[in-house]
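Chain order of the listed sequences is A and B.
Quick note: the first sequence, position 13, residue 13 per my numbering, numbers continuous.
Quick note: the second sequence, position 100, residue 100 per my numbering, numbers continuous.
Hints are supplied without guarantee of correctness; some may be wrong.
[Said to hold, decoys possible] The calculated DSS-like cross-link candidates involving lysine-lysine, where the alpha carbons are at most 30 Å apart (straight line), are:
hint	chain 1	residue 1	chain 2	residue 2
1	A	Lys59	B	Lys130
2	B	Lys112	A	Lys4
3	A	Lys59	B	Lys26
4	A	Lys4	A	Lys59
[As the list claims (entries may be wrong)] To spell it out: a stretch of chain B is covered by chain A in this simulated footprint if at least three of its residues, at any positions, have a beta carbon under 8 Å from a beta carbon of chain A; those stretches are:
hint	stretch
5	1–15
6	19–26
7	54–64
8	67–77
9	93–104
10	124–133
None of these hints come from the bench; they were simulated from the model.
Glycine included, every Cβ here is placed at the ideal spot set by N, Cα and C.
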Amino acid sequence: MDIKAYIILSLTLFTIGVIGVLVRRNAIIIFMCVELMLNAVNLLLVAFSKMHAMSAAAKALPTFASDAQIFVFFIMVVAAAEVSVGLAIIVMMYRNIHSVDINFLNRLKN
Amino acid sequence: MGITTIAFILLSLMAIGSAIMMISSKSPVHSVLWLIVVFFAISGHYILLNAQFLAIVNIIVYAGAIMVLFLFVVMLMNLNAETEPIKNYRLRLIGILSGGSLLLVLIAAMMKIDVAQPVLMSTGDSGLIKVLGHALFTNYVLPFEISSVLFLSAMIGAVIIGKKE
């Protein structure tokens with residue numbers, strides 16, 4: 001499989017995430033779109049690691065090809081920590097203004 | 001066209017279609033469920049690339065833990081009804097146009113490069129648990145331990161933020 005197919009797939013998923021962040025007004029759905037963007041990048045990292053698995057640098061270094069997958073693992077770890085804090089912030093926001101619509105989040109505006 | 005290509009195309013269509021359904025569905029619960037479908041499609045891609053550990057971790061962490069947390073928060077807030085009262089079609093159109101032009105620019109830039117190496121499908125042992133675990137506990141043992149501190153601080157932060165005054 002060509003790497004360009006994976007690049008196009010990841011770009012499409014990433015752009016759908018960007019459009020979701022721009023279009024939707026619900027804070028939870030915006031947060032989910034950020035997760036989608038993270039996953040698009042993860043998929044591209046794994047595809048690149050499998051592309052370089054047969055290169056000359058990979059033969060010299062035994063863990064060359066699995067480094068990118070370790071990075072993906074750490075991205076997942078950070079995403080899990082981020083989700084717990086972010087959802088706590090959204091719950092607190094709902095408790096204060098009784099909505100998750102980001103149009104009402106204009107207290108820092110003036 | 002081999003079976004790998006067919007599986008790749010099917011999984012890609014499943015991922016992109018579910019992602020579009022996620023950002024276009026009215027109810028947040030449906031959005032969460034469509035995002036779980038996207039994560040399963042991405043896990044299928046990982047299996048296709050023979051990254052078995054990441055496929056399992058993706059299902060367990062994302063589809064299992066994170067999305068259940070999202071679903072829990074959505075159910076807690078009772079957001080099942082239509083909760084987007086302000087309909088601004090002009091802003092929506094501008095958002096879709098700018099996102100589409102971003103995709104266009106990125107793909108146009110991508111077409112300039114030439115890569116001769118193909119991606120290794122369903123072979124290679126770089127994604128197996130044995131190799132990854134060895135790399136994780138020898139070269140990457142310090143980031144692994146630091147991530148535990150990150151989890152602890154995230155847990156304390158979530159408790160402090162979510163606490164009632």
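Here is how each hint holds up against the structure:
1. Taking the CA atoms of A/Lys59 and B/Lys130, the gap is near 18 Å; set against the 30 Å cutoff, the hint holds.
2. Simply put, B/Lys112 and A/Lys4 have alpha-carbon atoms about 11 Å apart, close enough for the 30 Å limit, and the pair holds.
3. For a cut-off of 30 Å, the pair hint linking A/Lys59 to B/Lys26 is broken: about 50 Å separates their Cα positions.
4. In summary, the hint linking A/Lys4 to A/Lys59 is supported, as the alpha carbons are separated by about 24 Å, within the 30 Å threshold.
5. Against chain A, the stretch 1–15 of chain B contributes 5 residues with a C-beta closer than 8 Å to a partner C-beta. That satisfies the three-residue criterion, and the hint holds.
6. As drawn, the stretch 19–26 of chain B meets chain A at 4 residues by the rule of a beta-carbon pair under 8 Å; at three or more, the given contact holds.
7. For the stretch 54–64 of chain B, the stated coverage by chain A holds: 5 residues have a C-beta nearer than 8 Å to a C-beta of that chain, and at least 3 were required.
8. Beta-carbon proximity to chain A at under 8 Å applies to 6 residues in the stretch 67–77 of chain B; the threshold of 3 is reached and the given coverage holds.
9. Judged by the Cβ-Cβ criterion of 8 Å, the stretch 93–104 of chain B is covered by chain A as claimed, because 8 of its residues qualify and three suffice.
10. Here's how the stretch 124–133 of chain B fares: 5 of its residues keep a CB closer than 8 Å to some CB of chain A, so the rule of at least three is met and the hint holds.
Going through the hint list in order, the structure does not satisfy hint 3, though it satisfies all others.
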